[in-house]
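Novice: Which chain is which? The protein sequence lines are A and B, in order. All residue numbers for the first sequence refer to the working numbering, where the first residue is 9 and numbers rise by one. All residue numbers for the second sequence refer to the working numbering, where the first residue is 34 and numbers rise by one.
These are calculated hints, taken from the structure and not from any lab test. Don't be surprised by glycine CBs; every beta carbon is placed ideally from N, CA and C.
Straight-line C-alpha distance at most 20 Å; calculated SDA-like pairs for lysine to any residue:
#	chain 1	residue 1	chain 2	residue 2
1	A	214	A	319
2	A	341	B	243
3	A	341	B	323
In silico contact screen, one side only, chain A against chain B (beta carbon under 7 Å); selected entries:
#	residue
4	129
5	147
6	155
7	156
8	380
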Amino acid sequence: MKKQTIDSRPAGPKPWYDPRVRSLFFQVVAITLVFWGGWTLVDNTLSNMESRGISTGFGFLEESAGFGIIMHLVPYDATMSYGRTFWVGLTNTLLVSAMGVVAATILGFVLGIARLSSNWLVAKISLAYIEVIRNIPLLLQIFFWYFAVLSNLPSPRQSVDVGGTLFLNNRGLYLPEPLTQDGFGLVWGGVLAAIAAVIGIRLWAKKRQLATGQIFPTFKVGVAILVLVPIISYLVAGRPLEWEIPALKGFNFGGGITIIPELAALWIALSLYTASFIAEIVRSGILSVSKGQTEASKALGLPHGLTLRLVVIPQAMRVIIPPLTSQYLNLVKNSSLATAIGYPDLVAVFMGTTLNQTGQAVEVVAMTMAVYLTISLLISLFMNIYNRAVAIKER
Amino acid sequence: MTESTMKPPKKVLSPVNWMRQHLFSTWYNALLTVVVGYLIVTSVGPLLNWVFFDANFQGSDPSDCSGAGACWLFINQRLNFFIYGFYPDELQWRVDFMFLLLAVSFVPQFIERFPGRKWLGIFGMTGLPLIGFFLIPGGSFGLEQVESTKWGGLMLTLILAYIGIIASLPIGTLLALGRRSEMPIIRGLCVVFIEVWRAVPLITVLFMASVMLPLFLPEGMNFEKLARALIGITLWQSAYMAEVIRGGLQAIPRGQYEAADALGLGYWRKMGLIVLPQALKLVIPGIVNTFIALFKDTTLVLIIGLFDILGTVQSTVTDPAWQNVAVEGYVFVAFCFWVFCFGISQYSQKLERKLDTGHKT
Chain A
9 MKKQTIDSRP AGPKPWYDPR VRSLFFQVVA ITLVFWGGWT LVDNTLSNME SRGISTGFGF
69 LEESAGFGII MHLVPYDATM SYGRTFWVGL TNTLLVSAMG VVAATILGFV LGIARLSSNW
129 LVAKISLAYI EVIRNIPLLL QIFFWYFAVL SNLPSPRQSV DVGGTLFLNN RGLYLPEPLT
189 QDGFGLVWGG VLAAIAAVIG IRLWAKKRQL ATGQIFPTFK VGVAILVLVP IISYLVAGRP
249 LEWEIPALKG FNFGGGITII PELAALWIAL SLYTASFIAE IVRSGILSVS KGQTEASKAL
309 GLPHGLTLRL VVIPQAMRVI IPPLTSQYLN LVKNSSLATA IGYPDLVAVF MGTTLNQTGQ
369 AVEVVAMTMA VYLTISLLIS LFMNIYNRAV AIKER
Chain B
34 MTESTMKPPK KVLSPVNWMR QHLFSTWYNA LLTVVVGYLI VTSVGPLLNW VFFDANFQGS
94 DPSDCSGAGA CWLFINQRLN FFIYGFYPDE LQWRVDFMFL LLAVSFVPQF IERFPGRKWL
154 GIFGMTGLPL IGFFLIPGGS FGLEQVESTK WGGLMLTLIL AYIGIIASLP IGTLLALGRR
214 SEMPIIRGLC VVFIEVWRAV PLITVLFMAS VMLPLFLPEG MNFEKLARAL IGITLWQSAY
274 MAEVIRGGLQ AIPRGQYEAA DALGLGYWRK MGLIVLPQAL KLVIPGIVNT FIALFKDTTL
334 VLIIGLFDIL GTVQSTVTDP AWQNVAVEGY VFVAFCFWVF CFGISQYSQK LERKLDTGHK
394 T
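Chain A extracted, bound-state conformation (with noise of 0.2 Å):
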């Protein structure tokens, strides 16, 4: 066998033409663009701020705010500091946000099956609310409840009373507040026994029906303890709750608590409008089920709500889960149209009030912004946890 060594390889490409170092070299301008815009928008940011006499810094997060705010879940007043301010926005933004995912969903499911219904005139009612909601802008949904509808309710004084208890007028929605008295903790304690006491049936229900294939009724008997429990310890405790009920004094109502309209009429649109697009998710999840997994189920003789249980509603949610994650995600970022509606959310009272007042846009924006980013790389990171528990399983 003869051996031979290649002396002459083919020379390798040009250097400029070579994959590698023009990959390098792009990279090398790329960072350098970065880095030179950065340093560019860094340097004109300062002086410009000088020249404006703007002070840069956290300190002003130290500072007294001086502006009240209609609403807040902390304690809150004019005297407190600015950095409260921020936290005060960010429970309300999120206050709002929770409450307008549970209304969403609901919602959305109930229209995305009744869309499927059986009954014509209800799926074509389904089908006309999606697409009128959805192609309506949402500012303008919530402008006509805060400005056409909500604020057109009766005056304090003529408020619509429900049994007593319960006022509506333009001012906001008054719900009587329950006031835990000595000894509530003996139902709270009641309330966690009974959840103890639930997950702890389900664990040995399923085990014995590996088992020996027997079916406890895991569902009737948990509602009955979650429901039964609590009261009973409620009793026993000695009843310990009153209800603070609303009551007029002078121009508005005092006591209870309040639902103010800016954030009635912000809840409404959200939910109404999220619901829609839900809706149509949880329409086109149901649809991606095929036929035959229905059929072979019934052929294994499962009833009618098994099916759905076991079979139908699994591999829907494989399908339906991501796409509402950003459901969710667009409704926490929409929450900020609070704004325009004057909803003490994080964009109006940080990034408006507090921004106008301090004058301090670059570290105000920034974290605002990083609020929002923090809320959707959360959620994003839950949404892929899941995902990959609930992705099928390939052997």
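Model the placement of chain B on the given structure of chain A, informed by the hints.
Specialist: Chain B in isolation, oriented as in the chain A frame:
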């Protein structure tokens, strides 16, 4: 004809049988039908009365409205403001001309087999913005200048949505290519850019554009409020556009990339001649959907003080001269948006069905 190719007989139901099957199949369906039917019957009558029979269409001032039904005459009175904002009356032909060009280039897209509709579409994406750039603001070719603060109404809404989409297409394409690039630094930069813009609400972007942009720029250089809003909208929209286009790039089979490599095409020719023409065609429905979303979101500019169509109506309904016309105003704007968005979404669904080749991966 063999038995296997025969179609099953068409099932024709008599109205009674149809109702039995679709409305009263079970007792709870029957109950549902009765309840829902009752609600419809009791609400449609008053609604029709409010919209048509008791409504006032003629007249010139609020006293001409009876108050029993809708007061549509205020829309008639202020229509010029709702469409053109504060644009001077004698110069509105320029806006009308642009509306005409817009209609000529995009309405044929809905009609299949319209002669040369492809060229009209290309004109709509290239020539039209160029003409608009000189015609609407004026100031050159002997045209009288109109400050952007005078623009408003439907015209401003269309300008924002149109420029937002046209400008974000090329930027979004570059970002999508960057996100799928093999160069880690470029990919990283694109991912960060896209994810940051997608995570924040448009309203914070608009605030940022109107408050922070003047700080970023060197002294003496500044943009008008409208231009700042457009910059914000474009950056935000291009992040969304990038994700839509990335979907298309991912749907192109590997073989196409490899075939282009085998032919010896460089990166830009591979993308420009082989991959992007296929990918962009795939994502047309997605682009149309993001356009609808952007069109609805343009209403947000009223928060930073621009008068789009919702802004002009809002300023009229809060005007003391016209009281209690809020519902009519909102219904009018809602109707305008609805017609537009619903029409386009129907078109996009039709397109999706047409482009769906049935063998999705």
